[in-house]
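Undergrad: First to last, the sequence lines map onto chains A and B.
Counting from 1, position 53 in the first sequence corresponds to residue 53 in the working numbering; the numbering is continuous, with no gaps.
Counting from 1, position 26 in the second sequence corresponds to residue 26 in the working numbering; the numbering is continuous, with no gaps.
Take these hints with a grain of salt, some might be off.
Unchecked claim - Taking lysine-lysine pairs in the DSBU-like style, the calculated list, with each CA pair at most 35 Å apart, reads: (1) 7(B) with 252(A); (2) 251(A) with 24(B); (3) 3(B) with 289(A); (4) 3(B) with 48(A); (5) 125(B) with 344(A); (6) 3(B) with 344(A); (7) 75(A) with 7(B); (8) 252(A) with 163(A); (9) 289(A) with 243(A); (10) 160(A) with 259(A); (11) 11(B) with 252(A); (12) 30(B) with 158(B); (13) 158(B) with 75(A); (14) 160(A) with 75(A); (15) 80(A) with 160(A); (16) 30(B) with 344(A); (17) 7(B) with 259(A); (18) 163(A) with 292(A); (19) 45(A) with 125(B); (20) 118(B) with 48(A); (21) 289(A) with 259(A); (22) 3(B) with 396(A); (23) 394(A) with 251(A); (24) 30(B) with 48(A); (25) 251(A) with 3(B).
Everything labelled a hint here was simulated from the structure, so no lab data went into it.
The residues making up each chain are set out below.
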Amino acid sequence: MKTKLLYIYLFLIVSITNISEAADGGAYRFPHPEFTSGYTVPETKFHKDISIFSDYYKAVILIIFIIAGFITVYKLRSRKYILMVILLNLAIFGFYLQGCICPIGLIQNISEAMFNASYYITLWYAVIFITPLIAAVFAGRLFCISGCPLGALQEILLFKQIKIPMFADRLLRFIPYFILGISVVFAGVGMGYIICRFDPYIPVFRQTTIFYMIPVTIFFLIAAIFISRPYCRYFCPYGVLLKYLSYLSNKKIVIANPKCVDCRLCENACPNNAIIPTAPAISNEIYEKGLKRIRLLIYSIPFVLAAAGIAGFIAGDLISHYHPDIQLYRNIQNESKIDDDTVKAFILSGESTDNLRDRTISITNFMRYGISIVFIIAAFLVMIDIIIYSRMQKNKEPYIDAGICYACGRCYTVCPVERKNNSRR
Amino acid sequence: MKKLSRKNFIKIILSFISLIFLAKLFGRNKLFANTVWQIDTSKCIKCGKCAVNCVLSHSAVKCVHIYAHCGYCDLCSGYFREERANLDTGAENQLCPTNAIKRTMVEDPFFEYRIDEKLCIGCAKCVEGCGNYGNGSLVLQVKHDLCLDCNECAIAVKCPADAFKRINADKPYLV
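Can you make the complete structure from the sequences, with help from the hints?
TA: In structure tokens, the structure reads:
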């Protein structure tokens with residue numbers, strides 16, 4: 001108490017004599033000392049280097065790697081070279097650059113730039129985001145082995161593969177639609193970058209993380225040993241974009257040129273169920289049943305979309321309660337929370353409560369309609385996927401699904417026609 | 001003219017839309033910039049969350065002393081605790097929990113206070129003391145020889161004053 005009085009006394013004396021801006025925007029309370037012993041005030045120095053690579057280099061390295069991926073997959077056609085690219089990818093993008101900035105996370109930056117007027121993306125962010133997509137439009141999913149360290153880590157971890165039954169695999173593949181939509185809405189409204197926060201493999205590259213991610217990382221590492229690419233297939237939001245753009249590509253991964261002998265070795269070798277076998281002959285009964293099923297699915301689309309929209313609206317409303325601005329508004333109303341740091345900071349900032357209230361209203365609306373639209377679009381894509389899977393298969397020989405194939409090259413190794421072509425070369 | 005397939009038509013439309021769309025998101029003066037995280041010291045409320053929320057085990061946020069603003073006071077409110085016994089360098093008198101501030105006499109009654117960066121944990125106790133009763137020459141800043149520049153700064157998420165912002169990497173310190 002005595003010291004506080006002393007401080008206040010000194011403050012009063014000095015404030016009358018000398019007030020100017022201090023480092024934190026506050027006032028100088030004590031004047032500059034005048035040294036008689038020849039002491040000079042040292043300069044505040046900072047380390048000159050920044051520990052992170054500049055974004056420009058990351059963009060250039062990514063372009064080089066995607067070109068390398070293209071060459072190994074389409075020209076060299078050998079799993080040996082693909083593995084080399086995968087290991088280089090893991091070393092450079094993974095452990096050296098520590099997996100950040102990556103195109104998967106940039107989805108959120110772009111979403112925030114769309115909806116937040118004061119946020120902009122730089123040219124390098126745009127290049128890093130768009131390069132794998134351009135590569136996908138022309139040559140399929142090359143990014144997944146050559147540019148993405150998460151994919152590379154999962155590729156080399158796959159020792160003891162347990163093949164997931166087809167229906168479970170197809171079902172789990174619907175999750176990324178929702179993750180993509182939800183992360184776009186979250187980033188746009190300022191609720192955080194959930195892709196980055198819950199990325200399971202970044203802790204491996206940084207060797208440090210928030211405590212609640214430790215069990216998640218361990219789970220995904222163990223899962224990657226037994227299941228092929230668990231994150232890539234069932235959780236990666238960027239994969240949704242790559243999948244649809246890969247369907248547009250003219251250059252597809254093709255094995256068994258010119259004539260497939262239908263040995264079905266590639267089907268077994270592919271860990272991601274990307275090789276669709278020759279369509280089996282089906283009886284009339286099954287054909288009729290299939291027609292009925294497709295009719296049912298198509299008629300149910302409006303109901304599914306309506307249900308998804310309503311569920312999304314409710315979910316958006318519930319989730320918006322966790323937005324920091326809305327929690328701040330609640331805390332301000334609540335008498336017992338007057339000591340909370342966020343309330344103190346808000347009062348210090350001088351912003352009006354009405355301004356905050358308007359913001360909370362726009363945030364709540366954005367979340368409600370945003371999540372509702374996300375659910376509707378995701379449900380629509382799911383229905384389209386189910387209908388396409390239910391169609392009668394007509395392919396006379398096996399083909400590789402360009403949207404799913406990760407270009408890992410295992411089929412190159414087992415296909416007998418490929419081996420003959422390679423030995424001739 | 002060669003007939004344009006449906007696929008190629010979609011590709012061309014998509015590329016146009018995406019290029020225009022991306023170009024709209026660029027900021028004029030930030031187009032070629034590299035950006036890093038930094039603390040806006042005028043917004044900082046010295047809550048102490050910087051020390052615990054960084055993804056690194058030792059936070060990249062540390063206290064920085066701006067000697068030009070320092071009053072060189074004998075009774076430094078950023079160095080000494082309010083309940084101290086004596087004005088000396090005893091550990092029981094110091095605000096800093098890790099003894100990161102070194103107090104040396106320059107001439108009577110002026111003392112120089114230096115921060116040992118290796119010991120500083122970024123807890124903001126000294127910043128609070130200096131800001132409340134002194135000149136505010138101790139501030140927290142993100143050290144860029146340590147910071148990983150995560151896409152989403154874990155401290156920025158938890159900062160109650162929203163004091164973290166992205167600035168041009170050419171001038172990475174806001175002091």
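Undergrad: Each hint: holds or not?
TA: Hints, verified against the model:
1. Between residue 7(B) and residue 252(A), the direct Cα distance comes to roughly 14 Å. Compliance with the 35 Å bound is thereby established for this hinted pair.
2. At roughly 31 Å between alpha-carbon atoms, residue 251(A) and residue 24(B) fall within 35 Å of each other, so this suggested pair holds.
3. Among the hinted pairs, residue 3(B) with residue 289(A) is inconsistent with the structure: their alpha-carbon atoms are about 39 Å apart, more than 35 Å.
4. For the suggested pair residue 3(B) and residue 48(A), the alpha carbons sit about 58 Å apart, so the restraint of at most 35 Å is broken.
5. Distance check on the hinted pair: residue 125(B) and residue 344(A) sit about 17 Å apart at the alpha-carbon level, within 35 Å; holds.
6. With a CA separation close to 66 Å, the supplied pair residue 3(B) and residue 344(A) exceeds the 35 Å bound.
7. For the given pair, residue 75(A) sits about 24 Å from residue 7(B) by alpha-carbon distance, which is consistent with the 35 Å threshold.
8. About 25 Å separates the Cα atoms of residue 252(A) and residue 163(A), which keeps this hinted pair within 35 Å; it holds.
9. A distance of roughly 29 Å separates the Cα atoms of residue 289(A) and residue 243(A); the hinted pair therefore holds under the 35 Å criterion.
10. Annotation: proposed proximity of residue 160(A) to residue 259(A) holds, straight-line Cα distance about 32 Å (limit 35 Å).
11. Between the alpha carbons of residue 11(B) and residue 252(A) the distance comes to roughly 15 Å, so the proposed pair stays at or under 35 Å and holds.
12. The straight-line distance between the Cα atoms of residue 30(B) and residue 158(B) is roughly 26 Å, inside the 35 Å bound, and the hint therefore holds.
13. With a C-alpha separation of about 49 Å, the suggested pairing of residue 158(B) with residue 75(A) is violated against the 35 Å cut-off.
14. Between residue 160(A) and residue 75(A) the CA atoms are separated by roughly 30 Å; this keeps the pair inside 35 Å, and the hint holds.
15. Pair hint residue 80(A) plus residue 160(A) holds up; C-alpha atoms about 20 Å apart against a cutoff of 35 Å.
16. At roughly 32 Å between alpha-carbon atoms, residue 30(B) and residue 344(A) fall within 35 Å of each other, so this suggested pair holds.
17. Proposed proximity of residue 7(B) and residue 259(A) is supported: the alpha carbons are some 26 Å apart, at most 35 Å.
18. At most 35 Å may separate the alpha-carbon atoms for a hinted pair to count; residue 163(A) and residue 292(A) meet this at roughly 30 Å.
19. As the CA atoms of residue 45(A) and residue 125(B) are separated by approximately 22 Å, the hinted pair is consistent with the 35 Å bound.
20. For a cut-off of 35 Å, the pair hint linking residue 118(B) to residue 48(A) stands: about 17 Å separates their Cα positions.
21. Note on residue 289(A) and residue 259(A): the hinted pairing holds, with a Cα-Cα distance of about 33 Å set against a maximum of 35 Å.
22. Distance check on the hinted pair: residue 3(B) and residue 396(A) sit about 28 Å apart at the alpha-carbon level, within 35 Å; holds.
23. For a cut-off of 35 Å, the pair hint linking residue 394(A) to residue 251(A) stands: about 21 Å separates their Cα positions.
24. Taking the CA atoms of residue 30(B) and residue 48(A), the gap is about 21 Å. The hint holds against a cut of 35 Å.
25. At roughly 19 Å between alpha-carbon atoms, residue 251(A) and residue 3(B) fall within 35 Å of each other, so this suggested pair holds.
Hint compliance for this structure: hints 3, 4, 6 and 13 are broken, all remaining hints hold.
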